[in-house]
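Protein chains: 2
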Amino acid sequence: MPPKPLPGFRDFYPEQLAERAHIFDTWRRIVRRYAFQEYDGPPLEPLDLYTQKSGDEIVTQLYNFVDKGDRAVALRPEMTPTFARMVGARAQTLRKPVRWFSMPQLFRYERTQKGRLREHFQLNVDIVGESDVLADAELLSVAVEIMRAFGLTAHDVRARVSDRRLLNALLAHLAIEESRWTDVYAVLDKLERQPRELSEEKLIAAGLSVEVCSVILGFVGLDFETLRAQYGDSVLVAPEIARFAEYLSHAEALGIAEWIRFDLTIVRGLAYYTGIVFELFDATGEFRAICGGGRYDNLLASLGGTDLPALGFGLGDVVLGELLRARKLMPVMVASVDFWLAQSPDAPRYPAAMLEAATALRSSGASVEYGLRAQRMEKQFEAARKAGARHVVLVDVASDGRTTYRVRLSGHDEQHFDRMEALVQWASSTTEIAT
Amino acid sequence: MPPKPLPGFRDFYPEQLAERAHIFDTWRRIVRRYAFQEYDGPPLEPLDLYTQKSGDEIVTQLYNFVDKGDRAVALRPEMTPTFARMVGARAQTLRKPVRWFSMPQLFRYERTQKGRLREHFQLNVDIVGESDVLADAELLSVAVEIMRAFGLTAHDVRARVSDRRLLNALLAHLAIEESRWTDVYAVLDKLERQPRELSEEKLIAAGLSVEVCSVILGFVGLDFETLRAQYGDSVLVAPEIARFAEYLSHAEALGIAEWIRFDLTIVRGLAYYTGIVFELFDATGEFRAICGGGRYDNLLASLGGTDLPALGFGLGDVVLGELLRARKLMPVMVASVDFWLAQSPDAPRYPAAMLEAATALRSSGASVEYGLRAQRMEKQFEAARKAGARHVVLVDVASDGRTTYRVRLSGHDEQHFDRMEALVQWASSTTEIAT
Chain W
2 MPPKPLPGFR DFYPEQLAER AHIFDTWRRI VRRYAFQEYD GPPLEPLDLY
52 TQKSGDEIVT QLYNFVDKGD RAVALRPEMT PTFARMVGAR AQTLRKPVRW
102 FSMPQLFRYE RTQKGRLREH FQLNVDIVGE SDVLADAELL SVAVEIMRAF
152 GLTAHDVRAR VSDRRLLNAL LAHLAIEESR WTDVYAVLDK LERQPRELSE
202 EKLIAAGLSV EVCSVILGFV GLDFETLRAQ YGDSVLVAPE IARFAEYLSH
252 AEALGIAEWI RFDLTIVRGL AYYTGIVFEL FDATGEFRAI CGGGRYDNLL
302 ASLGGTDLPA LGFGLGDVVL GELLRARKLM PVMVASVDFW LAQSPDAPRY
352 PAAMLEAATA LRSSGASVEY GLRAQRMEKQ FEAARKAGAR HVVLVDVASD
402 GRTTYRVRLS GHDEQHFDRM EALVQWASST TEIAT
Chain P
2 MPPKPLPGFR DFYPEQLAER AHIFDTWRRI VRRYAFQEYD GPPLEPLDLY
52 TQKSGDEIVT QLYNFVDKGD RAVALRPEMT PTFARMVGAR AQTLRKPVRW
102 FSMPQLFRYE RTQKGRLREH FQLNVDIVGE SDVLADAELL SVAVEIMRAF
152 GLTAHDVRAR VSDRRLLNAL LAHLAIEESR WTDVYAVLDK LERQPRELSE
202 EKLIAAGLSV EVCSVILGFV GLDFETLRAQ YGDSVLVAPE IARFAEYLSH
252 AEALGIAEWI RFDLTIVRGL AYYTGIVFEL FDATGEFRAI CGGGRYDNLL
302 ASLGGTDLPA LGFGLGDVVL GELLRARKLM PVMVASVDFW LAQSPDAPRY
352 PAAMLEAATA LRSSGASVEY GLRAQRMEKQ FEAARKAGAR HVVLVDVASD
402 GRTTYRVRLS GHDEQHFDRM EALVQWASST TEIAT
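Chains as they are written, first to last, in our numbering: chain W, 2 to 436; chain P, 2 to 436.
FYI, nobody ran anything at the bench for these hints, they're computed from the structure. The beta carbon of each residue, even a glycine, is placed where N, CA and C say it ideally should be. Each hint should be verified, as a subset may be incorrect.
Stated by the list, open to error - Straight line, CA to CA, 16 Å or less: simulated EDC-like cross-link-like pairs of lysine to aspartate or glutamate: (1) P:203 - P:224; (2) P:54 - P:298; (3) W:5 - P:49; (4) W:380 - W:347; (5) W:97 - W:379; (6) W:54 - W:298; (7) W:203 - W:184; (8) W:69 - P:157; (9) W:97 - W:120; (10) P:97 - W:383; (11) P:380 - P:347; (12) W:329 - W:157; (13) W:203 - W:193; (14) P:69 - W:184; (15) W:191 - W:201; (16) W:97 - P:20; (17) W:203 - W:224; (18) P:69 - W:120; (19) P:5 - W:157; (20) P:329 - P:20; (21) P:203 - P:193; (22) W:54 - W:79; (23) P:191 - P:202; (24) W:69 - P:120; (25) P:329 - P:184; (26) P:69 - W:111; (27) P:203 - P:184; (28) W:69 - P:58; (29) W:329 - W:20; (30) P:97 - P:133.
What the hints assert, rightly or not - A short list of chain W residues far from chain P (calculated; beta carbon distances all over 12 Å): (31) 35; (32) 57; (33) 58; (34) 133; (35) 179; (36) 190; (37) 193; (38) 219; (39) 287; (40) 379.
Could you build the full structure based on these sequences and the hints that come with them?
As structure tokens, then:
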């Protein structure tokens, strides 16, 4: 027996591949409506590309090795470094804003546990060269419209949105020293998942007063209108509130307002994001985050030598797939064949008459199958049934060589055609053609 | 500056990705007409999967390493072992014949030279469970119809076809010992690329008489009808000739006869193929083989424990792409945006009126872009032009809040709409919608 697939890696049998194709096709369809262009890079890259961004500690999570040319290389764990390199190399000539997307397979050597794979596919959508919050609203709109295209609603999925600049202004307003902000972020990030006492303890340890500490703990569930009422007069916070309000009003015009929950506990990568950040979660909280992203205005400069504002998100196929299956929104979709052709092996011109019809039907775009060996008609019909063929076409060749085509229609009489052209014309007008 | 991509690996900028997408889409479109179902496997597999099939010498050509769990692993250099494993694991329950295809990215650590990359994408099309030559004709038909779908003709591309069983029968008829066949194959394989004297020398060294040797050398350019006339009476060869003639008659009925050149020098993998084999070449001989495949009836048993006859081909994206570009058959196809929206930043309801129209047009399936920051109208029109937008829609909001939409049509008067619904309806009926 051959070795099994590696733990954490998936075989995609036609049933699983049909699900993957449904996800990929939906991603592409929606992202293209937003006029994003697809790109891709190598799945294997120099190891430096990743350590440059994430430090050496990332190596423990990578599939990295030394290749036969003595190069330290790694399977890509994320797309952003490749994206930054590609944009950086053509920063002068690319039309701005750059609106690109990609659907790479990514690899991480993680402990395999329930639902944790070592590979997944991830839609990456990025905008480079625009600092206006309208770009932030546009980006979230892409993610939300993708959810909608899968049949999910604002009842199923929430976009939890925060803003680094607003949060920083709040911390400044609360007179927390900038050197402590990272500690506060770390507490905020875990606020919903760890006991309140522990959060409090950590904030106190970071030098916050009990009073300020309780303000921070009050960020859980704080809605934007309440925040606006509380901090609208602060010189530091007011401009950030105004900008975030503008973002929300764009989101409203784009038709995604009902999906948004303001949530200051959404932190995401510490050294990475600089503005509005968001995560998409299922409303029941049953699954891990579906999607995450935000503005990372300084990253391209630090990675690629290109000082351009940028924002983007990543949306993986695994959690999304779990959610779609749980909500019964994943159609079972292995394409069935349009036409099964059958001809008696005893008839004249077997199988040529059938093959000619197959070629003609295929040229019109239909999918066609037939028995690849001489078999009794009953066997051929049985095969057609097992294949789930939409139509069965009996090719009849009379002893004088005249060929007719009988199409069996479910629940109807048969349809007869005297010429292959007539069959093909009928087929083109009748079938939903697989493209 | 970030590190460059590894040598032999490609970045796919939107222009290159559009070419790749053209290739992928055409592959899928044609293969589906033949009712093949798509599958995929992991790009990283246990090293054993490949050494089991190809021996330890394959390792010098692989991207192989030891992962963090101490497993010897390799990036997939070919798809067949994964295919054999997957079919083997479900051999009992899969409907036969299995008709599957895949489009994996494959990796080989080869010396990089002109046109030799270390990764490429390869369409794999396989049929499992059918020994009849009709399956062989069907398989070649898929490959040829793919060429046709790209705009290539029988003048551009030749399918060079041989038959291992016919060749074996010929060697047996010529009384060449079976132990020498491998040597003869090796000479045949190089017959067109090495001096005739060297071929002769090698055949003599393999123990062939001068007479038999000249028969073998005469296989170059030997057409099937001449062969049939010469060997039709041989008890050993006649059945194989009959079977091959049947194959050709199926190919004729499938409409691909004019593409086929009978060519006994097509050998392909020695330990692998058992029947009809073929390679697709451009007619000028300028490029390496475009596609190769054939029948490998014993391989699944040796790899997967599944004793089923099988046949398949691999068709890569690199040589095909070179050929299409050389024949000017590679369209330049980065999708341009359907609608560019513009609104005066001084008008009421900027940008909300424009965003609402964007969402409505996108919901109808159109691709839509607009300026992501407030800009003068001239700037907005310039951006539309640079983006190559098919239509520009001016969103006008009067001081009373009434919104109208003016669509600029190239070479025509403008078209006016008083309601967004009317605009969307017009858009749906007018534009070729990117799906």
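To see whether the hints hold, each was checked on the structure:
1. P:203 - P:224: The given pair, whose Cα atoms are some 24 Å apart, is violated under the 16 Å limit.
2. P:54 - P:298: holds, 14 Å
3. W:5 - P:49: Holds, because 10 Å separates the two Cα atoms, which is no more than 16 Å.
4. W:380 - W:347: holds, 14 Å
5. W:97 - W:379: violated, 63 Å
6. W:54 - W:298: Given that 16 Å is the threshold and the Cα spacing comes to 14 Å, the pair holds.
7. W:203 - W:184: holds, 8 Å
8. W:69 - P:157: violated, 38 Å
9. W:97 - W:120: violated, 32 Å
10. P:97 - W:383: holds, 12 Å
11. P:380 - P:347: Holds, at about 14 Å.
12. W:329 - W:157: holds, 12 Å
13. W:203 - W:193: holds, 14 Å
14. P:69 - W:184: violated, 32 Å
15. W:191 - W:201: It holds: about 11 Å lies between the C-alpha atoms, which stays within 16 Å.
16. W:97 - P:20: With Cα atoms ~22 Å apart, residue 97 of chain W and residue 20 of chain P exceed 16 Å; violated.
17. W:203 - W:224: Distance of about 24 Å is beyond 16 Å: violated.
18. P:69 - W:120: holds, 15 Å
19. P:5 - W:157: Measuring from Cα to Cα gives roughly 42 Å; hence the hint is violated.
20. P:329 - P:20: holds, 12 Å
21. P:203 - P:193: holds, 14 Å
22. W:54 - W:79: Cα-Cα ~11 Å, so holds.
23. P:191 - P:202: holds, 13 Å
24. W:69 - P:120: holds, 15 Å
25. P:329 - P:184: Roughly 41 Å between the alpha carbons, so the hint for residue 329 of chain P and residue 184 of chain P is violated.
26. P:69 - W:111: holds, 10 Å
27. P:203 - P:184: Answer holds: residue 203 of chain P to residue 184 of chain P is near 8 Å, not above 16 Å.
28. W:69 - P:58: holds, 14 Å
29. W:329 - W:20: holds, 12 Å
30. P:97 - P:133: holds, 13 Å
31. 35: Per Cβ check, residue 35 of chain W is inside 12 Å of chain P; nearest 7 Å; violated.
32. 57: Given a closest Cβ separation of 15 Å, the condition holds.
33. 58: holds, 14 Å
34. 133: violated, 4 Å
35. 179: holds, 29 Å
36. 190: holds, 27 Å
37. 193: holds, 32 Å
38. 219: holds, 32 Å
39. 287: Non-interface label on residue 287 of chain W holds, nearest chain P Cβ at 27 Å vs cutoff 12 Å.
40. 379: holds, 17 Å
In summary, the numbered hints that this structure violates are 1, 5, 8, 9, 14, 16, 17, 19, 25, 31 and 34.
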